[in-house]
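Protein chains: 2
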Amino acid sequence: MERRKPINVSDAIQQITNRAEQGTVETVPLFASLHRYLAEDLIADSPVPPFDRSAYDGYAVRSADTAAASPESPVYLKVIDVIGAGTISERTVGANEAVRIMTGAPIPEGADAVVMLELAAEMEDRGRSGIVLKRPLRAGENLSRRGEDIAEGERIIERGSPITPGMMNVLATFGYDSVKVYRKPVVGILATGSELLQVHEPLVHGKIRNSNTFMLAGQIQNAGGEAVNYGVVSDDFEQSYETITRILSEVDILLTTGGVSVGDFDFIPAILERMNAELLFNKVAMRPGSVTTAGIYGGKWIFGLSGNPSACYVGFELFAAPLIRRISGAASYALPARLKAELLEDVSKPSPVDKFIRGTAESRQGRITVRTGGLDKSGAISSLAETNVLIAIPAGTKGLKKGDQVEVLWLNSPIKGMMNFD
Amino acid sequence: MERRKPINVSDAIQQITNRAEQGTVETVPLFASLHRYLAEDLIADSPVPPFDRSAYDGYAVRSADTAAASPESPVYLKVIDVIGAGTISERTVGANEAVRIMTGAPIPEGADAVVMLELAAEMEDRGRSGIVLKRPLRAGENLSRRGEDIAEGERIIERGSPITPGMMNVLATFGYDSVKVYRKPVVGILATGSELLQVHEPLVHGKIRNSNTFMLAGQIQNAGGEAVNYGVVSDDFEQSYETITRILSEVDILLTTGGVSVGDFDFIPAILERMNAELLFNKVAMRPGSVTTAGIYGGKWIFGLSGNPSACYVGFELFAAPLIRRISGAASYALPARLKAELLEDVSKPSPVDKFIRGTAESRQGRITVRTGGLDKSGAISSLAETNVLIAIPAGTKGLKKGDQVEVLWLNSPIKGMMNFD
Chain A
1 MERRKPINVS DAIQQITNRA EQGTVETVPL FASLHRYLAE DLIADSPVPP FDRSAYDGYA
61 VRSADTAAAS PESPVYLKVI DVIGAGTISE RTVGANEAVR IMTGAPIPEG ADAVVMLELA
121 AEMEDRGRSG IVLKRPLRAG ENLSRRGEDI AEGERIIERG SPITPGMMNV LATFGYDSVK
181 VYRKPVVGIL ATGSELLQVH EPLVHGKIRN SNTFMLAGQI QNAGGEAVNY GVVSDDFEQS
241 YETITRILSE VDILLTTGGV SVGDFDFIPA ILERMNAELL FNKVAMRPGS VTTAGIYGGK
301 WIFGLSGNPS ACYVGFELFA APLIRRISGA ASYALPARLK AELLEDVSKP SPVDKFIRGT
361 AESRQGRITV RTGGLDKSGA ISSLAETNVL IAIPAGTKGL KKGDQVEVLW LNSPIKGMMN
421 FD
Chain B
1 MERRKPINVS DAIQQITNRA EQGTVETVPL FASLHRYLAE DLIADSPVPP FDRSAYDGYA
61 VRSADTAAAS PESPVYLKVI DVIGAGTISE RTVGANEAVR IMTGAPIPEG ADAVVMLELA
121 AEMEDRGRSG IVLKRPLRAG ENLSRRGEDI AEGERIIERG SPITPGMMNV LATFGYDSVK
181 VYRKPVVGIL ATGSELLQVH EPLVHGKIRN SNTFMLAGQI QNAGGEAVNY GVVSDDFEQS
241 YETITRILSE VDILLTTGGV SVGDFDFIPA ILERMNAELL FNKVAMRPGS VTTAGIYGGK
301 WIFGLSGNPS ACYVGFELFA APLIRRISGA ASYALPARLK AELLEDVSKP SPVDKFIRGT
361 AESRQGRITV RTGGLDKSGA ISSLAETNVL IAIPAGTKGL KKGDQVEVLW LNSPIKGMMN
421 FD
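First to last, the sequence lines map onto chains A and B. Residue 188 in the numbering used here sits at position 188 of the first sequence, with consecutive numbering throughout. Residue 91 in the numbering used here sits at position 91 of the second sequence, with consecutive numbering throughout.
If you are wondering where the hints come from, they were derived from the structure by calculation, not from laboratory data. Backbone N, C-alpha and C fix where the C-beta goes; we use that ideal spot for every residue, glycine too. A hint or two may mislead.
Below 27 Å or equal to it, Euclidean Cα-Cα: the simulated DSS-like pairs (lysine-lysine) are [stated by the list, open to error]: (1) Lys283/B x Lys5/B; (2) Lys134/A x Lys340/B; (3) Lys349/A x Lys349/B; (4) Lys340/B x Lys340/A.
Here are some chain A residues pointing at chain B (derived, C-beta under 7 Å) [to be verified]: (5) Gly23; (6) Thr27; (7) Leu30; (8) Pro162; (9) His200; (10) Leu384.
Facing chain A, from chain B, some residues (calculated, C-beta under 7 Å) [to be verified]: (11) Pro6; (12) Gly86; (13) Gly104; (14) Ala139; (15) Gly193; (16) His200; (17) Leu203; (18) Ser382.
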């Protein structure tokens, strides 16, 4: 096999960006649409509110009738009708008349203001009910005008927006009980390596359990994809080749973990070559995860991720996660999220390539700190349990001191103090 | 109905905290455990790594044999065996011998260091393969010692921790193909009000579509609960009473929206009274959402949320969301997450009570800004689509200026520039 040529992280990302497109569209019930990406613009086909309505429980009145109201000379208005929620009044409010009204009910003809229930003293006058007001109302007071919130024809939400709970309210308001969204990409996971045991198997000397598959399943779900477990294939070229070819017919993206290093038993780049797949890159100038491979075959994506847990983790977040978000419908190719954080310890080793160190970020009164996850070896797993960011250290950085502000890539895992886990 | 007595936000939260407990436990497949809360401590039943292993592809050697190696006087070692991944060597490495080894494979007897493949020149000597080294190796170089990552018996993850992708790796490493987690609470949603149309129905004068149900569904899912839609009940006391009683037998928490205001047709507090439910509060000194009711009946929780979309939104996030997280297994009662953000506009109105304004936060090079969502009326929905935080303004605040640092409660919705949506 020929020697691999590393490319820069930004170039590797560019290789994927150039080819990533939003996927196909499907319709899902609004109730189950959270976190999906809208596949159409939402245009208001009616104004909101749809009619002038009361902002409070109270009485609809003519503001002119209240102009002279004061504590010394209160105004008496006759109550001529009662509007419950969902009902409308056929009556027109005339001089010195009022209609009892509920929050959200349409303002009856003639009225132009609402007095809140608490400020209207109820009073009987010769057997007819009425109210007494001690202060004047402005025209428009305590009511919401038709269209003041959203005008008819307004574009409210753009295609490619992630659906939030608030957006679900807006979609329901406009009658969408189902919505067009982009389909979730199906992402297969195949672990390679004769050293791998199934998770339920007891340990035997020289072997370890397949754990990356489960980490990747979580990462895929976080990114919005649908994860499928294709188990473990041993280090046999023909068997690996056949398995990978078969899986590619069933998924949008295939992730392999293991089998990408420089050694004798690493097949993924060779398999891509034999398939005549388009190779985007097979080495990236970064640590960990330098031996990450990416290719395209028949419109399907293949990522050969390292078997080392943290190298696998980093390779996924930098290259596969943004692709999954893009296919899932994100308006643009979405890189991992960035925050600034205060480093809690020295990270002295300089690095000739871009480095991504597992970190645990925490928020203390809004100030975000980060510490590294202890043992910084790409095979270590203990630090992964608490990892919620990657500390991004650009190539050529001389070493960082405690207290420095560093850039961290946020990975959708809880940040203590910031993410509901105080 | 007697006049309601408002309690402070913090007292209302305390009322819930006092009674909230982690729910029951169930076992789920590890593959599907993301975001669930672990219901047991994870104790290492074996060390990680389980044996001394190679950190690279290369050759296992005795460091003593390499002590004199230099470019001028290289050392020749005979290769006596080859270890593939998942296999072990029966051979003991003797003087001036080496064993070809793969990343992750166990170090054979006798060897105490690994030379990386790239640094070992392969060479034939009288028909027998060997390697030539030009620099000495330290004992322990390029290998990972048994237990250096995790010691046997170590407590790695605590009960009540949310499961992250990295944690899924650790769980798999220790053989958990299924995990004990807390059951997701079932949260029913019942919209009340004769003014409500179904989402699919055309608008008619005086009515609006039921939209809060769908917003709450998204909020419940964000908080980790399982949302169930119980549709709409009209403003009829007997019917509402019967419906609510029936639903309570099927859910852990019931949310109603609408029917909690001061008007004639608002039943929720009265229904709680008739049920003999324990009333925690029926009014909170805050805006919006002051008419939020909370009660407990037969171990089930009932929240009467406002029918106004943003009041409903706020009431849910402050009181119901933390409860859902707690029942789902969070180690402590978890309040909404807090961040500091720079206000992009004046918010001049002072408030005598705690105020929670819908806001849209954005991150620009790690600096977090927030703007209010336009029309600040509790009935407005346009701003909800972009809402990702609530700007928390404590009672008595005189008014805020553009540029002020304010506290925002983060609501699990994407923050542009921070949350993968650049």
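Right, here's what the structure says about each hint:
no., hint, in the structure
1, Lys283/B x Lys5/B, "6 Å, holds"
2, Lys134/A x Lys340/B, "43 Å, violated"
3, Lys349/A x Lys349/B, "52 Å, violated"
4, Lys340/B x Lys340/A, "13 Å, holds"
5, Gly23, "17 Å, violated"
6, Thr27, "13 Å, violated"
7, Leu30, "5 Å, holds"
8, Pro162, "5 Å, holds"
9, His200, "5 Å, holds"
10, Leu384, "3 Å, holds"
11, Pro6, "13 Å, violated"
12, Gly86, "3 Å, holds"
13, Gly104, "6 Å, holds"
14, Ala139, "17 Å, violated"
15, Gly193, "5 Å, holds"
16, His200, "5 Å, holds"
17, Leu203, "6 Å, holds"
18, Ser382, "5 Å, holds"
The structure shown violates the earlier hints numbered 2, 3, 5, 6, 11 and 14.
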